[in-house]
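Peer 1: The chain contents come next:
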Amino acid sequence: MAKITYIEFDGTEHQVEVKPGLSVMEGAVKNNIPGIDADCGGACACATCHVYVDAAWQAKTGTKSAMEESMLDFAENVEDNSRLSCQIKVSDDLDGLVVRMPESQH
Amino acid sequence: MSEAVGHVVIVGAGHAGGTAAALLRQYGYPGPITLLGEEPIPPYQRPPLSKAWLKGEANAEDLALKPLEFYADHDIDFRANTTAERLERAAKKVVLSDGSELTYDSLILATGARAIALPIAGADLDGVLFLRTAADAETLKARVGPGKRLAVVGGGYIGLEVAASGRALGAEVVVLEREPRLLARVACEALSDFFKGYHEVKGVAFELGCSVTAFEGEGGKIAGVRLADGRVIPCDAVVVGVGAQPNDEIARDAGLECARGVVVDLEGRTSDPAVFAIGDVAHRPLPLYDRMFRLESVPNALEQAKQAASAIAGRPAPAGEVPWFWSDQYDLKLQIAGLPFDADRILLRGDPASAKFAVFHLKGDQVQAVEAVNAPPEFMMGKQLIGRRQPVNVDKLADPAVSMKEVAA
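Those protein sequences? They're chains F and X, same order as listed. Just so you know, we're using this note's numbering here: the first sequence kicks off at 1 and counts up by one. Just so you know, we're using this note's numbering here: the second sequence kicks off at 1 and counts up by one.
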């Protein structure tokens, strides 16, 4: 299991254990954590699971696919460390990961 | 004003009902919640049934909206294999399939829609299948594979996604469609032509403009599909994907206002203020298009779950949404934003031959809808243009060399 900390825009922290193999998005949704909508359920079709990955974790979360890049390019409040959390697969290497959420997913 | 202490009963545990229950808790709603599901399993995602799940790339646990223990952990009384038979509004009571009764303070009808069956001979043969539930998908999965012949009645999204998955599993696939083109009810002609060509390259056969008159069987099992011209298309299984109808009988019988589904307002509230209807069963306002409509989509289910949960938990209603849809077939990602109501022209951006293009439906210089194939910028920016009702420079939009950011600038 990997311990992941999700921080809402208002600062509220949620720390949960996520099973390797799930996505960072699924870790939030299955634990009913607000702030990650994930309308399409992980099909990389909606950009409503946008998160900011803490600098220390950027390398370990991998690189963006062309599709993810393209979707993020048109999302709101995008930063260099923006990712779609449905595209980050959880592994033991991500134990301790911290992600923050934008003000809105729409 | 919050309706904050009463018992919320949710009839239907699909994407809409399951999400409403979870959102009520996420919004801090403290009262008791009962969630009634017709199926034996807790709420799950249906879209992968015709895609990843059928191809064996996702399992039941992946599909679940929440793990089973979520419901007990969050004090949601989830009851599987349970339907509501009758609604007695005066007594604020639902009568369940097992004969017991539940009283409610707020009731959410999330009963969904069911696949339409063809009223023809042989419709009850073994191997005449639908694709709506996980159980349906399980049955279908057991019957498609290398060397198997799969017939699909209906060239809509479900039919085409099943065709693509069937090919991926090595089956021979033929799609039978009544209209002269695919996706006739839901997409423009350019898109229909593109999908037909793409599926043909992948080995799918099509019979368009054909009428299915009977299912032919051998020993009680499907053997072929008879067409009006007398031909029989041999097959080992047939999937009927010709649309869905709302499960609104319980609402009609209880005297709630209904049209093409249960009529609701922007809070998801029916003509009875204590009763809400959300998801596929609801006939709802679409403020962007100034009309009422019934939508069958996951984003619609989620949006209306938010509306009803917000109203019950005493939160402000969510900001209006741009309806959207998606479909995955082979390596194609189709994303649609908006609805092409009142459009007076269709504009093609990009070249379908490159499998990367978008079709814009315009009303004057306003975008009403966009259908984007492997074109996320057109989808994302198109969706924003629709939501803002922002006029566009049509010449720029038609030129793929002009970026979507510049088009919207």
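Worth flagging that the hints you see were computed from the coordinates, not collected in a lab. Do not rely on the hints blindly, as some may be mistaken.
Unchecked claim - What follows is a set of in silico ranges between Cβ atoms, one per label pair, in the way DEER data are often shown:
(1) F:Pro20 <-> X:Ile120: 26 to 36 Å
(2) X:Glu57 <-> F:His14: 24 to 34 Å
(3) X:Ala135 <-> F:Asp80: 27 to 37 Å
(4) X:Ala135 <-> F:Asn77: 37 to 47 Å
(5) F:Glu69 <-> X:Ala398: 41 to 51 Å
(6) F:Gly11 <-> X:Arg178: 29 to 39 Å
Don't be surprised by glycine CBs; every beta carbon is placed ideally from N, CA and C.
Peer 1: For every hint, state whether the structure bears it out.
Peer 2: A quick look at each hint next to the structure:
no. : hint                             : in the structure
1   : F:Pro20 <-> X:Ile120: 26 to 36 Å : violated, 49 Å
2   : X:Glu57 <-> F:His14: 24 to 34 Å  : holds, 29 Å
3   : X:Ala135 <-> F:Asp80: 27 to 37 Å : violated, 46 Å
4   : X:Ala135 <-> F:Asn77: 37 to 47 Å : holds, 42 Å
5   : F:Glu69 <-> X:Ala398: 41 to 51 Å : violated, 25 Å
6   : F:Gly11 <-> X:Arg178: 29 to 39 Å : violated, 56 Å
In this structure, the earlier hints numbered 1, 3, 5 and 6 are contradicted, and the remaining ones agree with it.
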